[in-house]
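Student: One letter stands for each residue in the lines below.
Protein chains: 2
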Amino acid sequence: MSRVVVNVMPKPEILDPQGKAVTGALQRLGFHGLSVRQGKRFEIEVDGEVTDEVLAEIRDAAEKLLANTVIESFEVVAE
Amino acid sequence: MSRVVVNVMPKPEILDPQGKAVTGALQRLGFHGLSVRQGKRFEIEVDGEVTDEVLAEIRDAAEKLLANTVIESFEVVAE
Chain A
74 MSRVVVNVMP KPEILDPQGK AVTGALQRLG FHGLSVRQGK RFEIEVDGEV TDEVLAEIRD
134 AAEKLLANTV IESFEVVAE
Chain B
74 MSRVVVNVMP KPEILDPQGK AVTGALQRLG FHGLSVRQGK RFEIEVDGEV TDEVLAEIRD
134 AAEKLLANTV IESFEVVAE
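Going down the list, the sequences are from chains A and B. Letter by letter, the first sequence follows residues 74 to 152 of the numbering used here. Letter by letter, the second sequence follows residues 74 to 152 of the numbering used here.
No wet-lab data here; the hints were simulated from the structure. Incorrect hints may have been included.
In this list, chains with the same sequence are indistinguishable; a pair is considered to hold if it fits within one copy or across any two.
Stated by the list, open to error - In silico DSS-like links for lysine-lysine, alpha-carbon gap of 27 Å or less:
1. Lys137 / Lys113
2. Lys93 / Lys113
3. Lys84 / Lys113
Please read these numbers as outputs of a predicted model, since none were measured by experiment.
Can you build the whole structure from these sequences, using the hints too?
Tutor: So, in structure tokens, the structure goes:
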């Protein structure tokens, strides 16, 4: 079993209300000087080895299902 | 500005309905042999340098606010 991670984040030009809420909550808790953006992390267990074809398949899956590419960007990382 | 990332994932012994739904959807789309767990990724911009104190502060913030440590584990990564 190998692992591939897909990180999905709101694009920089997109407002991120979840991140804004977390940033505000941190400040109220006394954590200052931190600015947060919130995204998603998908840990994908792959049967067998992580070949270039598997990575291409996962990139395809990320575009079709894991990320909304209108408002989100993603990266695929083999771990 | 420096960046620290906090990854929050459901603990292995905890059911992950979101991940299960994504795994099922991928199979229906024709992506086979992939098993997904879904978590959160927080990208934190820090004013100034990432010192050991800043990392300790962010670890504290993760425990108090970003992760529910009853059901989730987290890791702090300086990028």
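Student: Run through the hints listed earlier and report the numbers of any the structure violates, in increasing order.
Tutor: none
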